[in-house]
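Asker: Residue numbers (the working numbering): 22 to 111.
It cannot be assumed that every hint is accurate.
Said to hold, decoys possible - Here are the in silico distance ranges between beta carbons for each label pair: (1) 26 - 88: 47 to 57 Å; (2) 96 - 32: 25 to 35 Å; (3) 70 - 34: 25 to 35 Å; (4) 100 - 38: 55 to 65 Å; (5) 35 - 97: 42 to 52 Å.
Just so you know, these hints were derived from the structure itself, not from any lab. Computed from a predicted model, the values in this text were never measured in an experiment. Don't be surprised by glycine CBs; every beta carbon is placed ideally from N, CA and C.
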Amino acid sequence: MLNILLLITSLLVAIMVYVMKQRYFKRQKDVPGLEPQFLFGNLLQLNVLFSHRSLTDIFKQLHKTYGDIYQYWNGPRSYYVFNKFEHVMH
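Working from the sequences, and respecting the hints, build out all of it.
Answerer: And the structure:
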């Protein structure tokens, strides 16, 4: 009986984590950028937490990789970067 209860609980927790992860990162598919990781966004991928690189260097790298408009994730929050003033006007 205890085994069945543990199995059902584990299954429910796994389903809840999956659903939370899907809702947590609602990524806009038409805007390029790194795929976010659960809880950290792109902080680990960009090596922001443990390196001595400046944010300017990181944004330059993203601009070279993804172009003038891209998105990145800082934890659970999505940010859009526009590198030209004309993009903001439209």
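Asker: All the hints need checking, so say for each whether the structure fits it.
Answerer: Hints, verified against the model:
no., hint, result
1, 26 - 88: 47 to 57 Å, "holds, 52 Å"
2, 96 - 32: 25 to 35 Å, "holds, 28 Å"
3, 70 - 34: 25 to 35 Å, "holds, 27 Å"
4, 100 - 38: 55 to 65 Å, "violated, 25 Å"
5, 35 - 97: 42 to 52 Å, "violated, 20 Å"
In summary, the numbered hints that this structure violates are 4 and 5.
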